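As they're listed, the protein sequences go chains A and B. Under the numbering used here, think of the first position of the first sequence as 1, with each following residue one higher. Under the numbering used here, think of the first position of the second sequence as 1001, with each following residue one higher.
It is possible that some hints are incorrect.
To be verified - Estimated spans, in silico, between C-beta atoms of each pair:
hint : chain 1 : residue 1 : chain 2 : residue 2 : range
1    : B       : 1324      : A       : 148       : 52 to 60 Å
2    : A       : 166       : B       : 1124      : 52 to 60 Å
3    : B       : 1096      : A       : 202       : 17 to 25 Å
4    : B       : 1112      : A       : 163       : 36 to 44 Å
5    : A       : 198       : B       : 1212      : 40 to 48 Å
6    : B       : 1180      : A       : 264       : 41 to 49 Å
7    : A       : 265       : B       : 1037      : 52 to 60 Å
Said to hold, decoys possible - Derived DSBU-like pairs: lysine-lysine, alpha-carbon spacing no greater than 30 Å straight-line:
hint : chain 1 : residue 1 : chain 2 : residue 2
8    : B       : 1328      : A       : 185
9    : B       : 1021      : A       : 185
10   : B       : 1246      : A       : 166
11   : B       : 1256      : B       : 1328
12   : A       : 193       : B       : 1086
13   : B       : 1328      : A       : 207
14   : B       : 1021      : B       : 1124
15   : B       : 1328      : B       : 1137
What the hints assert, rightly or not - If you want the footprint, here are the derived chain A segments under chain B, 3+ residues with CB under 8 Å:
hint : segment
16   : 106-114
17   : 177-184
18   : 228-239
19   : 328-335
20   : 361-369
Simulated from the structure, these hints should not be mistaken for lab results. As the structure is a computational prediction, the values presented were derived from the model and not from experiment. All residues carry an ideal CB built from backbone N, CA and C; glycine is no exception.
Here's the letter readout for the chains.
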Amino acid sequence: MMPESSLVKDHYGISVKCGAPLLRHFNQSSLPLHGNTNAQSAFCTQQNVPECLSHINQEVSSLGLRTIWTELDESSDLNVVTVLNCMHDLIQLHRRSLRTLENMEVEQLKSSSKLDYLQLSTTRLKEQLEISKRENTGLLERERQLQQKVKSLQNCLKNEKEEMQKLQNMIASRATQYNHDMKRKERDLNKLKERLSQLLVDKKERKQAIDVLNNIGRADGKRSVWKTEKTEAKHEGEMYKTLLSDYDARQRDLVLENAELRRVLYQVKNDMVSLLRLKKLTQKGVQNERDGTQANSEEEQEEEGFDLGKELFSVHASEKLTNSIRLQWRRLKSHVEQLDSQVSLAQVNAGKSSETTPRENHEEEVDKLKLEIQECKDLIQTQQHLLQHQLSSSCDEITSLRNDGYMLQEKERLRGEWKTLEGQRSIFERERKNFTEAAIRLSHERKAFEEDRATWLKHQFLSLSPCGDPKKPMLSNPTGETELNLQLTQEKLSEFLSDSASTPKYASSSSPSTVDLHHALHATPENLLNKPKVKTTDTEESRNLWEDFPILQELSEP
Amino acid sequence: MNFSEVFKQSNQLCKVSPDGKYLATCVQYRLVIRDVNTLQILNLYTCLDQISHMEWSSDSLFILCAMYKRALVQVWSLEQPDWHCKIDEGSIGLVSSRWSPDGRHILNTTEFHLRITVWSLCTKAVSYIKYPKACQKGLDFSRDGCYMALAERRDCKDYVSIFVCDDWHLLRHFETETQDLSGLEWSPNGCVLAVWESCLEYKMSLYSLDGRLLSTYSAYEWSLGIKSVSWSPSSQFLAIGSFDEKVRILNHITWKKIAQFEHPAIIDNTKTVYKEIEKRPAVSSDEMSLHDITVASSLFSTQSKYDISPLPVQIPVVKPDPDRANPKIGVSALAFSSDSRYIATKNGGFQVHSLNWHCSGDSLILIGKDQLCLCYMDADQNNE
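One chain only, chain B, in its complex shape (with noise of 0.2 Å):
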């Protein structure tokens, strides 16, 4: 395995274009597109702040560089550098700035979430969608790019819109059954949209592309409910995680559950378990100086390598702080494999961010903080 040299990079923002050929980095002010083979720099474009947000369009002919604090957005074209779009929200700020799929639409919400904008650069119109709510997953595309689903909040009422993303007409608009609404989701086929409560009640009520409800779900109530959501690539089974630490598993079919996993701190059931084993390089102190020290601790970082554990093994638990709000606990992270055939959870503090699978399904890849770990499975293996 060869390493290319370190770039700088500001905000986390770096990401490959959708179709795989380029790689655009943000450094405070500057967009910095490269080619992602040779790593050559094929254009530099210098907005006018710090930039806070940077997207790809779906079809990588733009890149989106959003400036929160000035309420400005950019737009730049790879293909005509020349090319300039700027997206000015004025007093009304800018909290968050997104492409719609089709590439050509921009919506910013504003701050204070009081509307969302609609910005087309076919035609510079203009849409505003009202009241907008202020939630973990307000919004949501379709897969297929063709319905946006938004939460909206009225006279102390949760409301959700369906829009179609060709000239953004609203397609339906319904209520929904939740008292404070929290996310909501397209499944993979389009057709259902689950939507979820906050985490003061465990509620997930589904409904089907044209408004009706389909059928709610209830675990149990009045502790902490639902943190995480996903759906399996097939459109088939829900996977919701909830604060009590357990993943519960929906079929599409009657909405209810099939499978249920635990998380236990003591596991024993499992095939193989995967330990992380730290290896610190020992410095010894007396021969270097403080300089060589602070270099080699940089440059020797921890090893690590991964032995498999006897059962039983016990997970250390961090027990978190229960007078503060959104505690610690419970499935925070979901990942279906994209043969739906694994499930993939983060349970507990554990410091791993995302974690992703790749598109063959054969391997997962998790990103803590500092670190980043590719899992491979086996033919047999069902890593928890």
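For reference, chain A alone in the conformation it holds in the complex (with noise of 0.2 Å):
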């Protein structure tokens, strides 16, 4: 049983190394300790057995293991069997558990190994790849390089081909015209073969003669003469002359040419020499000015030694002059560059006013005198054209006496016409006058008229009526007026409307007194309506009647 036991302790000591956390309180002391015999007391004492007993019931209970103790067992004691069954269970349960580890870390093994074998194997593919991919890049190029050779070979092979096709059009045109001009020798030497067999077999050969009826002079009168050496000599002596003479006027002409270059060549010197000290004056200050006066002493002992006359013919002088005159150039061109940064920073630095204001005033400067400038063409156009006003009147003098006498001739006719029409207007005013007058008197008589007949109707019917009226007797008379003014209007008025119509020349002066005259006939009632005229009670009575007796106003209007 000890060995048993001693594995049960060791099994124990690792089952409580792996353990419950109920276990703790029991013995903290002994749970590290591998193979310590020591420590089963720590568990399990006398004491505490049935505790135990239970506990570890649980605990196998919690594995899954037949239980060891039941608390239904009449005897305390353990029944060993069941005990040892459930420690061969624990056991096999462990040894299960440590083969299934064993394989777990087993196969861990195998599978870190397969990861370090494949991240082995991944890193080799990526070089790999990395690798393929360079070479792959350096193909293109290649290939691209070579497409580009294969591009200007091509091109190459096109302009050989042209220039083959140059030569060759142009060996063919060489060709032709040998080919021509050998057949045409051939022609000639066939002629000329003809020919002299021609001659030699033509016994009769004609021979060269002159046939002059007489020798005429020369043309110059001179005799002619025997050629001996001396006109050799001559000969060649008036060729040499003549070849001479050329010459001479050539060179003549290149000296000249040659002088005036020259002096070109000096007023350009001299002017750049004049530019450049005036810059140097104007730009450097006082200090430099002493240097440049020494500059200008070096120039002008330059120019002293320069005698434009003298040193015309001298190479030395020439070369000297060419050297000055790029030595003032390159001055020249470096001062322009120093205006142009000037110039330039200026543009940049604009708040300068040391280096803006000139430009501004001569801006300003420049406008004025463009104003001034347009002032004084305006100025001058309008003096020309009153100049040639002036001489164009005074020139056209028939002119303007014609258009004098045609002028008085219009005015004339302008005043008489005028004179006519004032008469007729004063005709006109006259006669409007008179229509109006007449108007207002028809007006007034036909108002008193229709008064007269208003009354008149009145007592008719206040006649007729029932009531009598004791104003009777005193309207017949008026009545009576009434009727014969009414003739007297009635009169008027057909005289009227007959002078109306006897003078249809002023039917226009007409038109407006008879509206007046219309408008005057119109009024009348509305007249003796609106404003009661303070004559007699009988007016108002006549409004009132008409008032009452719709009928009278129908009536009294016309």
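Using the hints, build the complex out of the two chains.
Next comes the structure, spelled out in structure tokens:
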């Protein structure tokens, strides 16, 4: 039992290690000890056996094994068989777990090794991939270069072909030319041969001959001379003379041209020197002026040693001139560059007054000048116009006189017409006045007539009505008067109308007057109605009557 | 402008005398001398055969009539109509005949260019010049009439002989650098002789009066070369027209090219271009009979006027047949105006036979096959 117990102890130690925390409060001191037989006493003692038993029971049941002790057992002693079985089971369980652990470790080892292997292989493959990519790009690059080469070679080929074509064309044209010439020569040769054969056959040979009636004199009248050595020498001399004269003339021209060019160069140099001198003085301060004057004095010395008349024909002098011109040109160039940089600086630093004000001033001045110019131009133009006008007016006297004559005639005509118009107007005025007066009179009379009529009618009605009217006898006279008045007004109206009919000329002037008349005629009953004239009570009564008897109104209205 | 009546002539032999007083025309075998102002016939000479060539002497006293077929030359005098002179070349034949500048010697070139015979009318003497070269322009007199340059060919080599025209004394004889000399021309001042190669090579050589080689000029190789050459009247410029349709101007100091003019098919850079516009009159055929039509077409010749064409102008180009020799491309005629300000050039196959400037330098005559045209220059025009 001892080894088992020791085993149990060992296992117990281990199970305690990975065991439940329930055991902690039982034996904390025995936790880490392997094979510590003394730890056995820590968990289970004589006193706490049943607790231990129950505890172990719980544990075992929790592990799924048969319980070792049930409370229902009669004897408190442990059933050794069950305990052994339980122990065996535990041991089996433990072994199984160890095995699985081993397997798992093995598996883990395997997987880790596999992982390592895979990692290695991936890195290797990545490297390979990199290498192959690089190779690919290299190959693409080469392909591109080769294609370019191919293109350039094709171009070359095309050019060569074109050149070859050109050369072929040239050769062809030359060949045709040669052939043509050859054929011509051959034809000539044939002709020559024919001629020769003809001449050889032909016995009759015609000799050359000249047949002149008489010798004629030489063109220049002189006698012809024999050909002698003297004449030959003379000819040679003459030939050389012509050549020499030609060369002389040419040389003279060239000398003149040379002198002119030198003069121009000299002038240019002087201009440049003066320009630079001015610039130097204006730009740099007093201190530099001294330097400038020094430099100027150097130049002056140069110039003094430069007498144009003497040095025209020496090569050394011309070299000096060109060198000095080059020097001045370089100076001018640098100066212009400086100015350019200055201007650009000034443009950049717009705030600097010292450099911009002169420009502004300059611009202002320019504008002012432009305005002045414009004004002057305008003035000149107006003056020109006036002058022309005057000239034209003074020159065309005859035409102006003629024009005046025409104008006088026109004026006379117009004056006469004006007079007639005035007369007509006065006549119109008079007529109009008459008409208006007549119209007014007519309106008055009509008014009176209407009043009388109204009273008469009123009296009629009153007479007709049963009520007597004390005013009846009074109204008889007014009615008679009204009748008379009516007749008079009727006559006047007819007169007026006849008058108006007899004067159709002044229709234009009559129309307003007739309008006035109509107006006046229309106006009278209105006047009667609206504005009661303070004449007699009759009018009032007549009004009242009209209001009462609208028939009267109708009658009164024409 | 008035026109005279139409006179007959043959062979286009119609020349005014150098002093401008007489007009000589040839009709078949007759030589007619007229007064220029009145066109009255002053003299009438009869030659022995159809006249092939007629030339006035420089002093307007004598006229040369050459009959190539019969190898005869007859000389007539204006002052003495009875005077006669006949030169018979005999069996040796006659290919060309011309006066010397003094008007007293006649140079006859025999058939096959075997020799040149110099006949003196003063002394009846004869001189012979051997081996003349048969080329485009193998003989040239200097302007003052003192010297004569002759191209010779011996042993397949080109030579130039310079003769003094006074007594036909051989002044210089030198070999040229050309393979196949095609022409030579004196400069107007008589000091420089321009010698050029045949068209197979572009080479212009310049020799001084005493036979020294001054310079050579070659614009390009292999293509067809020089077609026409002209000196400016001041002797300052030498214009060379070539088959590549360009004119190159050399200066007399360095003999190098100072200017080059091209004849492109599309003109874009000149000031004015004048284009001839022809207007053919419409002939209605239902009205006229055939006779009328022919008469009308001969009377109403095509009227043409010149319009200013707007730039750019396309010139109609006719491509010449490349298989034929002496193709009709290139600058074939050059003419300087008398003050050396203008040069007129003819390029291509246009139907212009000759260009001649008026001595004042203001107008130019273009002579075509059937027509002639006068161009007047304004002060600021530049007609190309």
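How does the Cβ-Cβ distance of residue 1096 (chain B) and residue 202 (chain A) compare with 17 to 25 Å: does it lie in that range?
For residue 1096 (chain B) and residue 202 (chain A) the Cβ distance comes to about 24 Å; the hint holds.
Between the beta carbons of residue 1112 (chain B) and residue 163 (chain A), is the distance compatible with 36 to 44 Å?
For residue 163 (chain A) against residue 1112 (chain B), whose Cβ atoms are near 42 Å apart, the range 36 to 44 Å holds.
For the segment 228-239 of chain A, do three or more residues have a beta carbon lying closer than 8 Å to a beta carbon of chain B?
holds (count 6)
Within 30 Å, alpha carbon to alpha carbon, are residue 193 (chain A) and residue 1086 (chain B)?
holds, 29 Å
Verdict on chain B covering the segment 361-369 of chain A, criterion of 3 CB contacts below 8 Å
violated (count 0)
Given the range 40 to 48 Å, decide if the beta-carbon distance of residue 198 (chain A) to residue 1212 (chain B) lies inside it.
holds, 45 Å
Quick one, are residue 1328 (chain B) and residue 185 (chain A) close enough, alpha carbons at most 30 Å?
holds, 22 Å
Distance restraint between residue 1021 (chain B) and residue 1124 (chain B), which requires alpha-carbon spacing of 30 Å or less:
holds, 29 Å
Proposed proximity, residue 1328 (chain B) with residue 1256 (chain B) (alpha carbon, max 30 Å):
holds, 27 Å
Measuring from beta carbon to beta carbon, are residue 166 (chain A) and residue 1124 (chain B) in 52 to 60 Å?
Given a distance of about 59 Å, which is inside 52 to 60 Å, the answer is holds.
Regarding the pair residue 1021 (chain B) and residue 185 (chain A), is the alpha-carbon distance no greater than 30 Å?
Distance ~43 Å between residue 1021 (chain B) and residue 185 (chain A) Cα, so the pair is violated.
Please count how many residues of the segment 328-335 of chain A have a CB within 8 Å of a CB from chain B and say whether that reaches 3.
violated (count 0)
In the structure shown, a violation is registered for the earlier hints numbered 1, 9, 13, 16, 19 and 20, in ascending order.
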